[in-house]
Amino acid sequence: MIQLRPLLLVEDNLDDELLTTRSLRKAGILNELVVKRNGEEALIHLNQLATDQDPFALPTVVLLDLKLPKVNGLELLQHIRATPFLQLLPVVILTSSSEERDIVESYSLGANSYVRKPVKFDQFSEAVRQLGLYWVITNEQAIPKRSI
Amino acid sequence: MQRCRKFHLTTEQLQLTLSVTNQGLYELNLQTQEVLVSPTYATMLGYDPRSFCETVAHWQERLHPDDRERASSVFDAYVNGLITDYSQEFRLRTADGGWKWILSIGQIVDRDAHGRPLRLLGTHTDVTLLREHDQGLLQVNQELERRVAERTAALEQSQMALRKSEAHLRAAQRIALLGSWEFEVQTETISWSDEVYALFGRDPSQGPPRFTELLSYYLPEDQELHRTVVDQSLATGKPYMMELRLVRPTGELRHIQVRGEPIVDAQGVLQRLVGTILDITERKWAEEEQQRLAARLALAIRSAAIGIWEWDIVSNVIIWDERMYELYGMACNTPVRYDVWANSLHPDDRESGHLAIQQALSGEKEFDTEFRVLHADGTFRDIKAYGTVLRNPAGEPLRMIGVNFDRTEQKRIEAERKAKSHQLAALNRELEAFAYSVSHDLRAPLRAIHGFSQALNEDYGQTLDAQAQDYLARIMAGVERMGLLIDDLLRLARVSRGEMQYQMVSLSQQVAQIRNDLQRIEPERQVTWQIAPDVEVWGDANLISVALQNLLANAWKFTSHHEQASITFGLTTQDEQIVYFVRDNGAGFDPAYQNKLFGVFQRLHNHHEFPGTGIGLATVQRIIVRHGGHVWAEGAVEQGATFYFTLPERTDS
Chain Z
1069 MIQLRPLLLV EDNLDDELLT TRSLRKAGIL NELVVKRNGE EALIHLNQLA
1119 TDQDPFALPT VVLLDLKLPK VNGLELLQHI RATPFLQLLP VVILTSSSEE
1169 RDIVESYSLG ANSYVRKPVK FDQFSEAVRQ LGLYWVITNE QAIPKRSI
Chain H
14 MQRCRKFHLT TEQLQLTLSV TNQGLYELNL QTQEVLVSPT YATMLGYDPR
64 SFCETVAHWQ ERLHPDDRER ASSVFDAYVN GLITDYSQEF RLRTADGGWK
114 WILSIGQIVD RDAHGRPLRL LGTHTDVTLL REHDQGLLQV NQELERRVAE
164 RTAALEQSQM ALRKSEAHLR AAQRIALLGS WEFEVQTETI SWSDEVYALF
214 GRDPSQGPPR FTELLSYYLP EDQELHRTVV DQSLATGKPY MMELRLVRPT
264 GELRHIQVRG EPIVDAQGVL QRLVGTILDI TERKWAEEEQ QRLAARLALA
314 IRSAAIGIWE WDIVSNVIIW DERMYELYGM ACNTPVRYDV WANSLHPDDR
364 ESGHLAIQQA LSGEKEFDTE FRVLHADGTF RDIKAYGTVL RNPAGEPLRM
414 IGVNFDRTEQ KRIEAERKAK SHQLAALNRE LEAFAYSVSH DLRAPLRAIH
464 GFSQALNEDY GQTLDAQAQD YLARIMAGVE RMGLLIDDLL RLARVSRGEM
514 QYQMVSLSQQ VAQIRNDLQR IEPERQVTWQ IAPDVEVWGD ANLISVALQN
564 LLANAWKFTS HHEQASITFG LTTQDEQIVY FVRDNGAGFD PAYQNKLFGV
614 FQRLHNHHEF PGTGIGLATV QRIIVRHGGH VWAEGAVEQG ATFYFTLPER
664 TDS
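These protein sequences, in sequence, are chains Z and H.
Numbered per our numbering, the first sequence spans residues 1069 to 1216.
Numbered per our numbering, the second sequence spans residues 14 to 666.
Simulated from the structure, these hints should not be mistaken for laboratory data.
Any given hint could turn out to be false.
The calculated label-pair distances, taken between Cβ atoms and stated as ranges, are [to be verified]: (1) H/Arg494 with Z/Glu1194: 18 to 24 Å; (2) H/Ser573 with Z/Ser1166: 22 to 28 Å; (3) H/Asp478 with Z/Glu1194: 27 to 33 Å.
Covered stretches of chain H (in silico footprint by chain Z; criterion: 3 or more residues with CB under 8 Å from a CB of chain Z, positions within the stretch not fixed) [stated by the list, open to error]: (4) 445 to 453; (5) 526 to 533.
These numbers were taken from a predicted model, which means no experiment stands behind them.
In this text, a Cβ means the ideal position worked out from N, Cα and C, and glycines have one as well.
Work out the full structure, taking the sequences as your base and the hints as a guide.
Here it is, written out as structure tokens:
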């Protein structure tokens, strides 16, 4: 089933944002793309979602950069996993680093996937395309019940 | 009775003679077994001659039971002609029941026509007294013989004891390495016990040496000593003792101790010298060894600047050596008691110092502690102290002895080292943060350049001419190369960081795995691989894998222009050490630049020939060196290259 719920991209680099958007569109993914440009903005957005308790407003997938101003990606991930309404959100770490400790920490905090942004752009867009398609088209998601 | 009388009458004279000599006469009729006897015969046995009548049966009956059989058989033997003379002694019972020894001598005096005996005539002599006398004599004799035997035995025993004690003495001398000697002054002869020969290494068959020859056994300077000491003893008559060194005929040097004593006769004239020789070589060696040890200990104490102290607990007197006073900054010979010592400690250390002493005295803990000592100039010294408590048999502490030494410098170095290692750790963290930052931040702009170049090409490619497109392609290629450089630099940084995780690693398996990976990426390439089986090393599996990947990827890359490519992984030995190698028959390198192979960013080939960042071999070298091994290479242009490396054997630390 095709998810029409939005994708949430947390990315502080405008170039990467534009390239990611372009790749997703080129791959034919037409879901709304919500972009938050630092950790704090993302946190506010996620808290709002938790407050609204609207399962249809929840993103299909969160594409999360690690190095972010103010609140970093790992802290955000930790927050998502600790918030009842958000904790089942699929989170994909999308980052420049392939440092082992980043990978280990991401997975141990509950990341669903870890993708390194390749320098070579066609590899990058291929990675983004596959990610988008996978989470948007293939993955059956657990929709959290509205808590009263 | 008639015949008795008749006999009586005819032999009156004889009768008288017989009675005077106290002998009884008898006549036996062998036909009738009747016996005629003289009165003495009867009185001899305490009978009244008038009523006494003798027969063979009576005689036999009167015989002592112990003599009866013998006496009867002698009698029978004579009568039957088996023996020629009849003379025997036996005991006969007297009238009062006592016993008398009787000597009976008889002779057949009448025979019939056939020679058969008819009459036997004989005498009885009372030999009781004689027998008793003889018995006494016999006893005396026997006693004498017994005593002689006893004396002989005692003599033999004492001779044996003498022989035994001589043997003992010889054994004792041999075991004690102690010989005995004598010197006769008049004749100037020396005599030696067996052991002296052994001590001098002289064959006993040669006999003892003359006095002058004896001296030649000793070292020249000891000969003089010997002469002086002996002369003095002879002059004073006093015993002497000296230690000498002798040289055996084999050249072996022995230390001996000689004791001597002059012996004078009753007139006070010197007769001889007697004495002993003791082999003290072992003792001398032990003494020398002890001196050496003492000297070594003194040297160690001096060079380690160890102070020695001794505390008489009962009198509370502490004795310090010079070094102790130096350690405590006090004038030598300042009297020290417990409180003097305690007050010289840093105020903060007095309590713990006192406690350490108390614990040592109570036996709770060894005295092994550290404290600071306050000097008059206000500076402190860090002191390490050890001590041991000496106790009486009841376990009460009597004395403590111990050492102090200065650890101030050591402490300072330790503190410095600690500060250095902190700095280093901080530096390391900084470096790590730098690498992390590089990993994240350096890539992002590259991605932008590359990404937008591609977007430009994709979206506006049709409006760009060929040259513009070529420029774009060059931009992208440059960026890709920059990306690889960053990756390799980060990898190089990574191999220097982090803990090593040692385990047994199969090089053969890792090589095979990498071969499969390389072959999968470029399946069209034909490369002959030779991989030595079962090669295992002790190392960090991840790091070793990175090193092998670099070496094998190089071999793979540099054989790419060769039709008959071959890559070998193997091992050999050099100077008894195992050396592993990766060999290819590819492009090789100019040995002139061999030393540049392992430098970062050093490349011996143009990028368009063989792409690469020039970081791979630097990474290999860093990994091998981190393991404690070496890496080097051999090669020639178009002759292939061989990369050798060693890895230390497994250690348990």
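Outcome of the hint check:
no.	hint	result
1	H/Arg494 with Z/Glu1194: 18 to 24 Å	20 Å, holds
2	H/Ser573 with Z/Ser1166: 22 to 28 Å	27 Å, holds
3	H/Asp478 with Z/Glu1194: 27 to 33 Å	28 Å, holds
4	445 to 453	holds (count 4)
5	526 to 533	violated (count 0)
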